[in-house]
Amino acid sequence: MADFNEYKGVWVFCEQRQGALMSTDFELVSEARKLADELGCEVTGLLLGDNVESIAKELGGYGADKVMLCESPLLKDYTTDAYAKVVCDMVNEYKPEVLLIGATNIGRDLGPRCAARLHTGLTADATHLDIDTKKYVEFLAESSTIDLSKQTFDYEDRNLKMTRPAFGGHLMATIICPRFRPQMSTVRPGVMKKAPFDQAKADACQIVKPAFSLTADDIKTEVLSVEKAATKLVDLIGADVIVSVGRGISKDVEKGIALAEQLAAALGNGVVGASRAVTDAGWMSADHQVGQTGKTVHPKIYVALGISGAIQHVAGMQDSELIIAVNKNETAPIFGVADYGIVGDLFKVVPELIKEIEAAKAAK
Amino acid sequence: MKAIVCVKQVPDTSGKVAVKPDGTLDRASMATITNPDDLNALEAALKLKDATGCEVVVVTMGPPPAEGMLRELLARGADRAVLVSGREFGGSDTFATSQILAAAVNKIGVGPEDIVFCGRQAIDGDTAQVGPQIAEKLHLPQVTYAADIQKDGDTLVVKRMLEDGYMMIRVKTPCLITCIKELNQPRYMNINGIFTCYDKPMEVFDYEALKDDPLIEVDTIGLKGSPTNVFKSFTPPQKGAGTMLTGDNVAAQLASVLAGKHLI
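Sequences listed follow chains A and B, in order. Counting from 1, position 327 in the first sequence corresponds to residue 1645 in this note's numbering; the numbering is continuous, with no gaps. Counting from 1, position 25 in the second sequence corresponds to residue 313 in this note's numbering; the numbering is continuous, with no gaps.
Mixed in with the good hints there might be a few duds.
Just the calculated beta-carbon pair ranges, DEER-fashion [what the hints assert, rightly or not]: (1) A:1323 <-> B:495: 31 to 41 angstroms; (2) B:352 <-> A:1341: 42 to 52 angstroms; (3) A:1461 <-> B:378: 26 to 36 angstroms.
Cross-link-like lysine-lysine pairs, in silico, DSBU-like; alpha carbons within 35 angstroms at most [claimed, not checked]: (4) B:308 <-> B:395; (5) B:512 <-> A:1538; (6) A:1569 <-> A:1646; (7) B:469 <-> A:1512; (8) B:337 <-> B:308; (9) B:488 <-> B:460; (10) A:1546 <-> B:469; (11) A:1452 <-> A:1546; (12) A:1646 <-> B:549; (13) A:1468 <-> A:1352; (14) A:1452 <-> B:469; (15) A:1538 <-> A:1527; (16) B:335 <-> B:447; (17) B:520 <-> B:308; (18) A:1511 <-> B:549; (19) B:488 <-> B:469; (20) A:1546 <-> B:335; (21) A:1352 <-> B:512; (22) A:1573 <-> B:439; (23) B:469 <-> A:1375; (24) B:512 <-> A:1326; (25) A:1546 <-> B:337; (26) B:335 <-> B:499; (27) A:1512 <-> A:1413; (28) A:1468 <-> A:1519; (29) B:439 <-> A:1352.
Keep in mind that the hints were calculated from the coordinates and are not lab data. For every residue, glycine included, the Cβ atom is placed at its ideal position computed from N, Cα and C.
All chains, full assembly: derive it from the sequences and hints.
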């Protein structure tokens, strides 16, 4: 077993695409700050890229004490081989206690590759992190059905407790990695709260440029091109209002989607989501899909129109603040997670709803 | 040339998920299916077989009943199957699982033209970790989230999806690719496949069969060898039952609720 005392600090792999930081980076740095304060250590952002120094200090504004900057033309676009080599070499050299990576399509490629090479554990897609056991117990009191009076906890324990949903949120599991360092987790985008940006801290953020070695021979894949999606993708993760459609629109797909769009607009600048059945049928593009194999969302208002509520879908929307379901079938499982349910034909209910919402808004 | 496809048998989450009172999954009461993304991985391999005549080997780690799933995959067109099964492997996390599967793939043998296909992620754990971890253990280049694969000489050109677009990546064989549902439409079993699936070879790799691989050591496999442990597992509190709106004026009722909460 490695000497754990050698391992210090909370690191965040800060992903950039085309030279721009991802919003996940700010969420993770903010969360890392909280963990580092509990451990009494520094937060370090690890930023790889080509000509990205100008974006590094912004990470300080969210809580990074310093940014380790690794720049090379070979790091311009993400490749598994180049990024895994530099990240692993840095970890082996500087030995962080914790390494967090955003669970993006790139983070989920890089994280497991690095964990396997570093011979340590990796928790996937964490939604809650704790060092302090007291805070963890408070979290359990609020978020679990565990009878805490029958449990004993070691309040001296300093392991990172990484909690993640399993089976689409029907179960939660807290994972620890007690025998190896660093403790690694990918973290679900959009879940951790971004701290308010602090310009003074950004200015004070230290930029370190460590030596590293990387040659073209280290990279076994070739990036031929990086393409942005041609059509603007729907921003489900950042939306406050989402109106999703399911198989219930099959009677008149176009009209069903149009009604969802109108309702989303009436509720306030909302966007339209879809169940897997809808994207699988090709009625809407895959970027609209909410659910276990689509996106996880937590808007202020989520409306499910003609969606039965299979776990596949519910896993992606159950943490929405207010859930409204409209379904013809009164036994549809979606009503089990809805705050308000209406049994009825969406083609009849939704136009009335739009009318009443507009009337209520006008009456204000 | 051959294509090795790693697959997993998972509980069907499109139906009801049954949780026991102690917070663990009631697997016995749930139907099992082949993990959906893994069927896309198999289809990618079968397409390669259609084009090149290569051999397709399916491999899974699981309890003995997983043989039934492997027979079904043989009926879909795979040529042989390997079931990795042993008490020593039980309780493995993704790291330990990838060690065992990498050892199994080593035993099957990865030649210079070969490709290992995996699904992006399994719907029971949703980790998407085992594919890249196998690639690392086998020192193979990896491409994840593949939505299109074109063979070009001794290389593959892969469309690798991002949240906001995609990358085109060229990779040489041997390599490991993880597949998403946009990649293809998995084919069904055909009559001939169903008739021949019990004649096709099915091997079982137990601990004895794999123990000489350096990846297989007591402290790297199974519950004991897994770097991660479950500290607690629990069920989230049941959400209080919602309000069903009834009557002639449900739309007005809902609008007034939303106005009352200052949401509109």
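Outcome of the hint check:
no.	hint	verdict
1	A:1323 <-> B:495: 31 to 41 angstroms	holds, 36 angstroms
2	B:352 <-> A:1341: 42 to 52 angstroms	holds, 47 angstroms
3	A:1461 <-> B:378: 26 to 36 angstroms	holds, 29 angstroms
4	B:308 <-> B:395	violated, 38 angstroms
5	B:512 <-> A:1538	holds, 34 angstroms
6	A:1569 <-> A:1646	holds, 13 angstroms
7	B:469 <-> A:1512	holds, 32 angstroms
8	B:337 <-> B:308	violated, 43 angstroms
9	B:488 <-> B:460	holds, 30 angstroms
10	A:1546 <-> B:469	holds, 20 angstroms
11	A:1452 <-> A:1546	violated, 45 angstroms
12	A:1646 <-> B:549	holds, 26 angstroms
13	A:1468 <-> A:1352	holds, 29 angstroms
14	A:1452 <-> B:469	violated, 42 angstroms
15	A:1538 <-> A:1527	holds, 25 angstroms
16	B:335 <-> B:447	holds, 16 angstroms
17	B:520 <-> B:308	holds, 15 angstroms
18	A:1511 <-> B:549	holds, 23 angstroms
19	B:488 <-> B:469	holds, 27 angstroms
20	A:1546 <-> B:335	holds, 28 angstroms
21	A:1352 <-> B:512	holds, 31 angstroms
22	A:1573 <-> B:439	violated, 41 angstroms
23	B:469 <-> A:1375	violated, 39 angstroms
24	B:512 <-> A:1326	holds, 26 angstroms
25	A:1546 <-> B:337	holds, 32 angstroms
26	B:335 <-> B:499	holds, 34 angstroms
27	A:1512 <-> A:1413	holds, 26 angstroms
28	A:1468 <-> A:1519	violated, 44 angstroms
29	B:439 <-> A:1352	violated, 48 angstroms
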